[in-house]
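Let the sequences and hints guide you as you build the complete structure.
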Amino acid sequence: MTDRSIACMLVTHLPVKAEVRRYPHLRGKPVIITESYGSKDLVLDSSAEARGVTAGMPLAEAMARCKDASLIQADSPYYNGAFDKLIKALELRSPVVERDGLGCAYVDLEGLELMYGGEARMIASLLQAAPTEFNPRVGVAGGKFPAYVAAVTTKGGRATRVPRDSAGMTAFLNGLSIGLLPLSWTNK
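Oh and the sequence shown: position 18 is 18 in our numbering, straight run, nothing missing.
Calculated directly from the structure, the hints in this document are not laboratory data. This structure is a prediction, so every number in the text was calculated from the model and none was measured. Ideal Cβ placement from N, Cα and C applies to all residues, glycine included. There could be a bad hint or two in this list.
[Unchecked claim] Lysine-lysine pairs mimicking DSS-like chemistry, simulated, CA-CA at most 27 Å apart:
| id | residue 1 | residue 2 |
| --- | --- | --- |
| 1 | 144 | 88 |
| 2 | 29 | 40 |
| 3 | 88 | 155 |
| 4 | 40 | 85 |
| 5 | 40 | 67 |
| 6 | 155 | 85 |
| 7 | 155 | 29 |
| 8 | 85 | 29 |
| 9 | 155 | 144 |
| 10 | 29 | 88 |
[What the hints assert, rightly or not] Ranges of calculated distance between the beta carbons of each label pair, as one might list FRET restraints:
| id | residue 1 | residue 2 | range |
| --- | --- | --- | --- |
| 11 | 121 | 153 | 18 to 26 Å |
| 12 | 27 | 124 | 42 to 50 Å |
| 13 | 37 | 87 | 24 to 32 Å |
| 14 | 22 | 171 | 40 to 48 Å |
| 15 | 121 | 60 | 46 to 54 Å |
| 16 | 118 | 55 | 35 to 43 Å |
| 17 | 24 | 156 | 15 to 23 Å |
| 18 | 164 | 41 | 39 to 47 Å |
Now the structure itself:
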């Protein structure tokens, strides 16, 4: 490759997916994972079935929106361990992997295209690095932010490539919502 390429590997809702992997009976049910900060109980993560619940939301608000949800106290060491395994699998594919919070990692793709026999095979290898239940998303671009946005906007188990030229990148980013910016519940 002549242009720099970075992949963003994104596993959305990793805590919920890790808990469902550990407790399969939770699959398809509303799940809220909570974390305590002093006297405050906040939502760390929630399943898609817990409609209207978002990370950072006070637990009381979350329960008002989804009364039938299963509550699970966060097990951060377990989630970090699951993600560390994914990071190790990515490091077997590229020498430069940067962890950026739980569920998000950036992979430098420079020089790997020849090794994998093309960009499509290289991206397929990245997707295969994650357990199937994690349903990862991959975005590929010339920088971290557009790669992240590409990952956020693609479907699970898929990859999106942002055009390499600045006009193509601008066109890709131009039509997207500001809601894609990584802001907490309190900042929205």
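Hints that the structure is at odds with (numbers, increasing):
Structure breaks hints 4, 10 and 12.
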